[in-house]
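Generate coordinates for the entire structure from the input sequences, incorporating the hints supplied.
Same order as they appear, the protein sequences are chains A and B.
Taking our numbering, the leading residue of the first sequence gets 117, the next gets one more, and so forth.
Taking our numbering, the leading residue of the second sequence gets 18, the next gets one more, and so forth.
Calculated directly from the structure, the hints in this document are not laboratory data.
Please note: incorrect hints may appear among the correct ones.
In silico SDA-like pairs for lysine to any residue, Cα to Cα no more than 25 angstroms straight-line [unchecked claim]:
1. B/K390 <-> A/I273
2. B/K96 <-> B/K361
3. B/K96 <-> A/V253
4. B/K361 <-> B/Y152
5. B/K420 <-> A/H378
6. B/K256 <-> A/S293
7. B/K202 <-> A/I273
8. B/K96 <-> A/L228
9. B/K238 <-> B/K361
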Amino acid sequence: MGAAAATASGWSRRRLTRERLLGGSVPYVLVAPVVLVMGAILGYPIYNLVRLSLQRYGLFELIQHHGTYIGLHNFGSVVHDPIFWHTLVRTIVFTVVNVGLTMGLGTLVALLLVRVSTWVRLLVTAGLVLVWAMPPVVAVQVWQWMTNSQNGVVNYILTELHVGDYFQHDWFVTPFSQLAMVTTLIVWGALPFVVITVYAALAQVPHELVEAAEIDGAPSWRIFKDVTMPVIMPVLLILTSLSVIWDFGVFTQPYLLIGQGHIVPSNYLMGIYLFEEGYVRTDFGRGAAISILMLAIVAAMSVVYVRRMLRVGEVE
Amino acid sequence: MRSRVIAAALAVVALGVVAATASAGVQRAQGNTLTVWLQQDAQNGWPDIVAAANKQFQADHPGWTVSVQYQAWTDHLQKFDATIAGNDTPDVIEMGNTEMTKYMAAGAFSDLTSFKSQFANSSNWLSGLAKSGMYRGNVFGVPYYAGSRVITYRTDLFKKAGITKPPTSLAQFIVDAKKVGVMEKGVKGFAPLYVGGEDWYTALSFVYDFGGTIARTHAGKWVGALDSPKSVAGLTAFKAFFDATQSKSTATLDGTNPWPYTVFSQGLTAANYGPAWYTCCTGAKYKSVTGQFVMPSHTAGKPMPGFLGGSDLAVPAQSNAKAAAVAWIADFTSTQNERALEAKGNIPNATNLLGSSVNERAAARSWFVPQAKHWVDVENGNILKTMLSQILTGQLSVKQAAKVASQNITQTLNES
Numbered sequence: 117m118g119a120a121a122a123t124a125s126g127w128s129r130r131r132l133t134r135e136r137l138l139g140g141s142v143p144y145v146l147v148a149p150v151v152l153v154m155g156a157i158l159g160y161p162i163y164n165l166v167r168l169s170l171q172r173y174g175l176f177e178l179i180q181h182h183g184t185y186i187g188l189h190n191f192g193s194v195v196h197d198p199i200f201w202h203t204l205v206r207t208i209v210f211t212v213v214n215v216g217l218t219m220g221l222g223t224l225v226a227l228l229l230v231r232v233s234t235w236v237r238l239l240v241t242a243g244l245v246l247v248w249a250m251p252p253v254v255a256v257q258v259w260q261w262m263t264n265s266q267n268g269v270v271n272y273i274l275t276e277l278h279v280g281d282y283f284q285h286d287w288f289v290t291p292f293s294q295l296a297m298v299t300t301l302i303v304w305g306a307l308p309f310v311v312i313t314v315y316a317a318l319a320q321v322p323h324e325l326v327e328a329a330e331i332d333g334a335p336s337w338r339i340f341k342d343v344t345m346p347v348i349m350p351v352l353l354i355l356t357s358l359s360v361i362w363d364f365g366v367f368t369q370p371y372l373l374i375g376q377g378h379i380v381p382s383n384y385l386m387g388i389y390l391f392e393e394g395y396v397r398t399d400f401g402r403g404a405a406i407s408i409l410m411l412a413i414v415a416a417m418s419v420v421y422v423r424r425m426l427r428v429g430e431v432e
Numbered sequence: 018m019r020s021r022v023i024a025a026a027l028a029v030v031a032l033g034v035v036a037a038t039a040s041a042g043v044q045r046a047q048g049n050t051l052t053v054w055l056q057q058d059a060q061n062g063w064p065d066i067v068a069a070a071n072k073q074f075q076a077d078h079p080g081w082t083v084s085v086q087y088q089a090w091t092d093h094l095q096k097f098d099a100t101i102a103g104n105d106t107p108d109v110i111e112m113g114n115t116e117m118t119k120y121m122a123a124g125a126f127s128d129l130t131s132f133k134s135q136f137a138n139s140s141n142w143l144s145g146l147a148k149s150g151m152y153r154g155n156v157f158g159v160p161y162y163a164g165s166r167v168i169t170y171r172t173d174l175f176k177k178a179g180i181t182k183p184p185t186s187l188a189q190f191i192v193d194a195k196k197v198g199v200m201e202k203g204v205k206g207f208a209p210l211y212v213g214g215e216d217w218y219t220a221l222s223f224v225y226d227f228g229g230t231i232a233r234t235h236a237g238k239w240v241g242a243l244d245s246p247k248s249v250a251g252l253t254a255f256k257a258f259f260d261a262t263q264s265k266s267t268a269t270l271d272g273t274n275p276w277p278y279t280v281f282s283q284g285l286t287a288a289n290y291g292p293a294w295y296t297c298c299t300g301a302k303y304k305s306v307t308g309q310f311v312m313p314s315h316t317a318g319k320p321m322p323g324f325l326g327g328s329d330l331a332v333p334a335q336s337n338a339k340a341a342a343v344a345w346i347a348d349f350t351s352t353q354n355e356r357a358l359e360a361k362g363n364i365p366n367a368t369n370l371l372g373s374s375v376n377e378r379a380a381a382r383s384w385f386v387p388q389a390k391h392w393v394d395v396e397n398g399n400i401l402k403t404m405l406s407q408i409l410t411g412q413l414s415v416k417q418a419a420k421v422a423s424q425n426i427t428q429t430l431n432e433s
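This is the structure in structure tokens:
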């Protein structure tokens, strides 16, 4: 957009006409409503969030409707909280695993979709859309029923299939197994979006390029790496960066699947840490500080992807 | 460029919304509407008593309507906080007795001291329960009802195992439970007694039975005491009891998923330790063979001290219908209604109303959590549950786990 505006003013530099003035301001006029709406629904809450993060704001202050400014104390106390750092590392690992699985499996299923018959493709797509349509809260309930240690169908089936003795097996014993169960739920729920989008991107890969590579005798993984990948790269990158944002701040699935009664510092993810510190402990100032730190971290992480994506766009 | 905006926007939405907004789910008391928050226990167990109170209230206050909104224990405080932020609080709220102190200390409730005489039997209120609604000598919570914990058991299985009378000591109980276990060992997944391993109300009863406690005050500070020798003896006895009567798989369950009575109704256990109202749900098949007895102490002939759970009714400071709220509470806790609550297996709020049910006999010895502002954070931080799962799964020794929990409790209770 910036480049376009520059050339526009370049070729008409000498003619200061009404047209030119109008032409120059049109993009800004067009973008103004969006900027205004963004400012109202994002800017104002963020302003309030920042203000809250600089205050001591607990239950007492909530009742008085009046906080006390304490500078950066909330940020200091969060940064000096070992739980924050442990949670951050855990959340990053969790995000990498979840995004990796989502993108890997999603791309594989999308590649599969290209090769199967129309009927199968229709069935798979319908299944994916149904998964996509399922609200997370409902999915959590289904997961809980299936994995219930006393009456769950997963234990029953695994035992019947002689995979092992899963009678009354508890799938949520350790923080690792708890987060592994959350991972299955999240990856399952995130696959449809990735599969359908990557499948759409695969349709953009020129068939003749693939054919030419095949004729040259390139193995299929080379074709994927050198022909298909570069074409679908922008889509993969934006999907990855969106997934990172979603998975880093995930709350509903872990909170409900692990259950409030089993949420402890050793299985905190950032979203849950924020909720526990801010809401459960009614320390809203500290909660606001945590959410601002999270915001900064996610922004920093997405910048890497967004910049790479822009570069890919330039090469094209 | 646009994708950066999208990314930033999504990040902001994802995080900002969580932190910055709080939606209130209540309708403001408009005109002459009294908004009352009760727990679902009332909705399931005694809706008739609620209706009776509303009827009485409306007879005395023509033109008023009562809007009773039932809440769940797990999230009612977060919802309440949201209503405080939005100046939208209910006019009456039921609070768990362990939840009161934090809110009284912050000034969330109206001082009801001057109205005390309006509440029936207020001079005979159960002292433990009344204390939970008092802060610095003033009354903020009106006792509603209490509950102790008893053993709900299958009389047919005990009889079949040759047990003629309920055990009167912990050691005898373990012997009896083992007998039932051996007899029923053909039933897959059967445990003679079923409680969730992380059900801390059960585990800490052993601590108090052995003379231990959760925390003491020393020089104006709270000190966690679960690692004291007496507490450790209690926890060790709990582990021994658990190992003798339970299947290992319940070590990490907290007794809410599945509920112990569900396991009972499936024929997979001979006994539960929990609130007296567990008889509600032991299943049609076993209704006629469901009995109850008082959990025996390790000292023969005594009951084991049970957690005295209970609820208070409070009037949020922001309510603009304080007088009506007080009148409704008085109607709801009338002698007649408290007697009706007792008939449903609860402990009524005053000593002069006490009967001799198994629940009330069990309450002869009881314990309560430390009355510290931050106790509720210990509960919600799952410190006790973590300790118990560590002990029961053998991750840590009793001493190690108790020490960690004790340190966490000291730290949490002394937060400013």
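Do the hints match the structure? See the list:
1. B/K390 <-> A/I273: Judged against 25 angstroms, a Cα distance of about 48 angstroms means the pair is violated.
2. B/K96 <-> B/K361: Distance ~29 angstroms between B/K96 and B/K361 Cα, so the pair is violated.
3. B/K96 <-> A/V253: With a Cα-Cα distance of about 18 angstroms, the restraint between B/K96 and A/V253 holds, given a limit of 25 angstroms.
4. B/K361 <-> B/Y152: Not OK: B/K361 and B/Y152 at ~30 angstroms, beyond 25 angstroms, violated.
5. B/K420 <-> A/H378: This hinted pair holds, its Cα atoms lying about 20 angstroms apart.
6. B/K256 <-> A/S293: 24 angstroms, holds
7. B/K202 <-> A/I273: Given pair B/K202, A/I273 holds - Cα atoms ~23 angstroms apart, limit 25 angstroms.
8. B/K96 <-> A/L228: 47 angstroms, violated
9. B/K238 <-> B/K361: 40 angstroms, violated
Going through the hint list in order, the structure does not satisfy hints 1, 2, 4, 8, 9.
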